[in-house]
Amino acid sequence: MSTPDLMAPEVAEQRREIVALARDFAAREIAPHAAEWDRAKAMPREVLAKLGELGFFGMRVPEEYGGLGLDTLTYLMVLEEFAAADASVSVTLGVHNSLGCGMPLRHGSEAQKKQWLPPMASGEMVGAFALSEPDAGSDPAGVRAEARRAGDGWVLSGAKSWVTSGDLAGLLVVMVRTDTPEARRGGRGISAFLVPGGAPGVEHGKPEDKMGLRASHTTGFVMHDVRVGSEALLGEEGKGLAYALEVLDQGRLGVAAQAVGIARAALESAVKYSAERQQFGRPIKDFQGIQFKLADMATQVAAARALLHQTAQQELAGRRAVQASMAKLFASETAMWVTTQAVQVFGGYGYMRDYPVERLFRDAKVTEIYEGTNEIQRIVIARGLFS
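All residue numbers in the sequence shown are consecutive under the numbering used here, ending with 529.
Mixed in with the good hints there might be a few duds.
Derived EDC-like pairs: lysine to aspartate or glutamate, alpha-carbon spacing no greater than 16 Å straight-line [what the hints assert, rightly or not]:
hint: 1; residue 1: K256; residue 2: E205
hint: 2; residue 1: K183; residue 2: D309
hint: 3; residue 1: K507; residue 2: D351
hint: 4; residue 1: K435; residue 2: E410
None of these hints come from the bench; they were simulated from the model.
Turn these sequences into a full structure, and let the hints steer you where they fit.
If you want it as structure tokens, here you go:
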């Protein structure tokens, strides 16, 4: 793929248009229903269909495969807009674009790209990414699910956990062991497969009952001797973990964008409430304690966004892992801190589900956990300092 010139006028104009489209759709079709979807633990399929019609399921897919072909910065700005309205929508789009589409786009054959990318870009099909397992989270090399050769194909077995949109997915990008003792000693042995979500032998679990992002389904699934052809192998045998870690850099930028959107929404809610809430005969925004709190919140949000946008431009130049970890670490901790302060500004009302900051607080926490915990991000950053 060619690298877009972020300073080109046509890129800037496209960015303004697509971000404005996302903001308008989010304000009209998503934000008014976010609390309702949170309680229902689901978002309507009709909303996903509309997002597909507008091209948001194909943001990172090149135009030749039916997508919008957006540059990284524009993509992240769109994710922020959706996260500010409902982080569940943002994570659904983010995982689909960065990971579900990202794996076949970066490492698939031309036949695989033509088979899978057009229906995913249109929203006809949701893509899911299955690396984690019940006993393999922060240590992805510890996966136990396996694929064994059977004739001219493969048979997959094992369990996967924490799969965003797993029960909705038409495509499961699954990392499993195909190793031999020799490959294991060489640090290889995990391969990636493209598995239809409805393939015989795939048993989907019920959506997890989560603290936050409740309208986004997170499920596990078990593969009971799932048979796939040789064409299901993605890229080279034994390189699946390397492929997964590569797209997770992009995924971490997506999480950072979600975190910035959550923090921004909390800040905006706190500013609005402080102008309306009266105590001691005047709006609480007139009290210096509240003013200082809001000023610090605004500064943190701006700093997190600036680091993310800088990282997006570095990512285009090929410098990814450490910068992506920094952006994810800082933005997620900003989201957690800002939402906590927003609850405090609201006081007792902030603890009630009738007010948006309660949901934003719950949604923020997972940004410190998924796509690599913040402890893992610190390890990546520290290693980068000494490399």
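TODO: Against the structure, test the hints numbered earlier, and report the numbers of the ones violated in rising order.
DONE: none
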